[in-house]
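Colleague: The primary structure of each chain is shown beneath.
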Amino acid sequence: MKKLSWFNLTTLTLGFAFLYIPMIVLIVYSFNGGRLVTVWAGFSTKWYGTLFHNEAFLDAAWVTIRVAVATATLATILGTLAGYVLVRGGRFWGRTLFSGMAYAPLVMPDVILGLSLLLLFKVMFGSMGMTTIILAHTTFAMCYVSVVVSSRLLSFDKSLEEAASDLGATPFDTFMSVTLPIIFPAVLSGWLLAFTLSLDDLVIASFVTGPGATTLPIKIYSAVRLGVSPEINALSTIMIGIVTVGVLTASLLNKRKVVQRLKDEKAAN
Amino acid sequence: MAQSPRPSSNPTNVFAPWNDPNAKPLIQFKNVTKRFGDFTAVDDLTIDIYEREFFALLGPSGCGKTTLMRMLAGFESPTEGSILLGGQDIVPVPPNKRPVNMMFQSYALFPHLTVWDNIAFGLRRDGLGKDAINDRVKEMLRLTRLDKFAKRKPHQISGGQRQRVALARSLAKAPKLLLLDEPLGALDKKLRNETQFELMDIQEKTGTTFVIVTHDQEEAMTVASRVAVMDHGKMVQVDTPAGIYEAPNSVYVADFIGDVNLIEGNAKVEGNTVTIHFAECAAPITAVCERPIADGQRVSYAIRPEKISVNREPLDDRANHVKGKIEDIGYLGNVSTYHVRLPSGELVSALMTNSRRLARRDFTWEDEVWLSWTDTAGVVLTE
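Those sequence lines, one after another, are chains F and A. For reference, each letter of the first sequence is one residue, going 23 to 291 in my numbering. For reference, each letter of the second sequence is one residue, going 2 to 384 in my numbering.
Pulled out of the complex, with its shape left as it was, chain A reads as follows (with noise of 0.2 angstroms):
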């Protein structure tokens, strides 16, 4: 897999067009907005997505994500702004005539055609062939492992095989862009952890670029090589799966992926190190921060609940220790959620793997114990 789209181990595979400067994008938004009346559903917006990018439009519902992708679609077109495709402004250009394919929320298959016949349907608007057409709905079936049911309704199949066949009839006329619209939200879970890993198959195998609108962090974090968090209509960040989590650059950002514990203090700055003072009674936490941040400023403070490790004594290497008294445990099998209230009124949550049988554990309700976390293992927000 000399050209695979993931990061691996060698750094000069690595995908990342986007941190080259000379990457053409194959989607440019350009100061985009639209506006439903008095609603702006996408407020002057300007971003670039690269080809071969698996890209996650990520936010709550009304956040202007599904608005976002309907423009790039052709079923809404901007109030102020440009949207370009391989360089060209696609905005006049009606659905029908745009190299875009979309995979539709509810599938929207044809209920009247044969699973064959639905994934025909664009190819028979290309004007191709009888020959192509049946090779090409051919290599759709067997991409999608739907041959042996071709001649079904779509009515006589499952919701995975349906789902299946919607992918098969976007990508059948080998779209430039292929959009994804909560493409997998009407699935269970297991099912749905199972078409991500084939979605991103599909999408190394077929080179084509991916948007996908969800509001299922777990399911963007999984696919995507960038995510672009949204809200309001704006994208708070636009960086890799890593990146907005380890690295978030709002409270807002923390707070939507993942669990986080969000500290408040006024900083004390020396050099890049930052020392935020919480509470009277309480020593300081100390990080290190890449931000300019002043002196005396109110910050946030962000920590991963599994970046700080629950134990009897403070652990000397790291430079955050905190004492506190354990109120709850969630107990999930392979890890233990413990909320741990500290003297100064904060209830903070830590994730420990649960490395030994339940009856060997260490802690139990009530005990006092150390919290400790390095000073690289959070991330100081100002906002």
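Pulled out of the complex, with its shape left as it was, chain F reads as follows (with noise of 0.2 angstroms):
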């Protein structure tokens, strides 16, 4: 192991220590016993006990997570779709127009797209519920499954393609008995993503979310402007443990699948 110098020592420190202060305030916070966000009142796990009789948050909690896995769904097998056209379609008409269009939501600011849809929606549907807003989180989120696929699928070894369809298999039968399963571990990727980024948005579903509809961010961000309780920083703990279980697990599995597959082909050589 390489030993550290000083200077980047200290810029790692302060690199972690920017990313993750506010995080561990919010941890040790959501153990405080006192009523006060802001004066530590001793070591309790109270607000746990009391955030699971809120019906309120967790009525939220509920609503995020129906929304956030239609939403990833849909946006998977969209987005999966659009690259795949986008890499694999050659150079059909207008095809600059439209891997231009299919990655313009990425930076379109959240503001703008809010209010377009909801202008949309008004016209199409009038009122606004949970179906709205999984349709604005799909419209963001298959963007960045389209990224995710679509640099997949440039490092798939094209041949692979060919020779299904040289042993007879139509292109449908080629995507779904090669293509995807090679592709796999990145759609899935892709899925995760849009999960997380439907779960953690706050500015288009608060354009588009109607009465019944309220998710979790809504709720936090609503609970919050009458003053920050400890049930919040609770709530919030339990949802960073998730999705540090989540990512470990992932990376955990991914690696050991590395590393068995390197002792195979060093078996077989």
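Any given hint might turn out to be false.
One side only, chain A facing chain F, incomplete, derived with CB under 7 angstroms [unchecked claim]: (1) ALA74; (2) VAL94; (3) PRO96; (4) ASN97; (5) ASN102; (6) SER107; (7) ALA109; (8) HIS113; (9) TRP117; (10) PHE122; (11) GLY123.
For the record, the hints were derived by calculation from the structure and aren't laboratory data. Using N, Cα and C, we set each Cβ at its ideal position, and we do this for glycine too.
From the two separate chains plus the hints, produce the assembled complex.
Modeller: Printed below as a string of structure tokens:
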């Protein structure tokens, strides 16, 4: 192991501190026994208890999860197809326009996207609800999925698809039996990305939400306006915990697979 | 082996459908041109390939050989001209509907499927019954000696085994035509030599027509019944390996296949004998030439190093003798290459078998020697 120089050590520490101190403060204060968020009054887990009896928060969490799952699934299907066409479609007419338009929402300000979707949904449906949030989230999440999937497809050996077609598979059959199974990890991470994007979106959701469709970020934001309660700290800590466990599991599984593969290859040669 | 496709000692049994005017070709390229933008990959090419042939496309990279193969597989379509398979135009037929299979340079094995499932992939698309698929996969595994590896994934087997899986997969559907794109490029030399003979064996056993793309001339010569030497989208010469080697039709072919000495000079014609004057102070080279050559024409004389013998004295039974000085000796164990400088300045290489132990070798550096060869040993080329 190489020893780090003082300069590197300092920048590393500062960088990580910048990233993680806010979260650590939040986690520490979620175990605060007092009512005031900023004054430490001894260790306690009571806010976790009250959180699980707060119907409004639990409802919002349930709505958020349903929205996120639906969004992630829709965005993955659409984004994968878009990515596939962009990489494999060759030089069809309007390709540049299509790729530009597929990626534009990535840099479009959320406020503008939210506002335009609000206007569209008003004309289309009249009223807002969970469906409109799902549609709105799908719109911007699918761009991220298509970026992830198309970058995977760029490094995909095209001769695999040619081999499948050479052996008698139709283009659809080739996609389902060869392309999709091989790029599946990228599709899965696209799904997870879309899921987290939907989970933490506040701006767009607040434009297109309606009665009975309050997502967790909206709920937290409105609760904070009345004063930050330690309950919200507890809720946020739980969310951080879930995300951490998810990311760790995914990377561990992936690493084990890579190690196994390397071992196999060594044994084969 | 009554129907061996390889030339045998019995002349009535020689496999040479290209010389038989009644033979029906399996594949016909008719004035095929393929352009990519401004670049012409295949230039107005016409060729017939016959059933049971092992046809090699040989040439440097960018000569159009891979494009030609991809047009047969259906991945590219010709800009002009037509391609017939068994008399039918296959240009409009998509790759998945052609009775043609291809073995890819990268093998293109499906990494998520086992060896068994890789081989069964094409059979399943044919809608065969389960038993029929099982039987055929087993047969293919036996043919390629992969029985033990059926349950493994491609990354769990060695390079040579992967190559055999790719071959088994492309042969499983019993195609009329098998295309091999640099099939042995990824193997080391020893394994490559073994595999070449295996390929020929399998080709004979299955009776499939093989078209192989390679840039390795040794490989093409070993496996093929006919070799097409390609350059800039054209076939410069199509002939048997022996024909290509012994009677190249151009300087390009002579130079591309094997080692050759090329000597330029002016031709003087007397009947079918040509004398080539290549230097003021040197005796002319005498050669027998079937091709019509104009008197005084500038020609290249091509002679292979192994056709020249190196001796202390000129050999009287040979038509050509020149004196020179040994400049370099390349010792390869079984043979030695002598680089001999002629008084006129040309450097000629000659190959001699080391029939004696090295300690008893006759010549060494700076020795004066005589080079001798017959009047039929070389070829007179006009291009």
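Colleague: Hint by hint, note whether the structure agrees.
Modeller: Evaluation of the provided hints:
1. ALA74: holds (6 angstroms)
2. VAL94: violated (12 angstroms)
3. PRO96: With a closest approach of 5 angstroms, the A/PRO96 hint holds.
4. ASN97: Given a least distance of 5 angstroms, the restraint on A/ASN97 holds.
5. ASN102: holds (6 angstroms)
6. SER107: For A/SER107, the interface hint holds, since the closest Cβ of chain F sits about 5 angstroms away, which is under 7 angstroms.
7. ALA109: holds (4 angstroms)
8. HIS113: OK, holds: A/HIS113 within 7 angstroms of chain F, min 5 angstroms.
9. TRP117: violated (14 angstroms)
10. PHE122: holds (5 angstroms)
11. GLY123: holds (3 angstroms)
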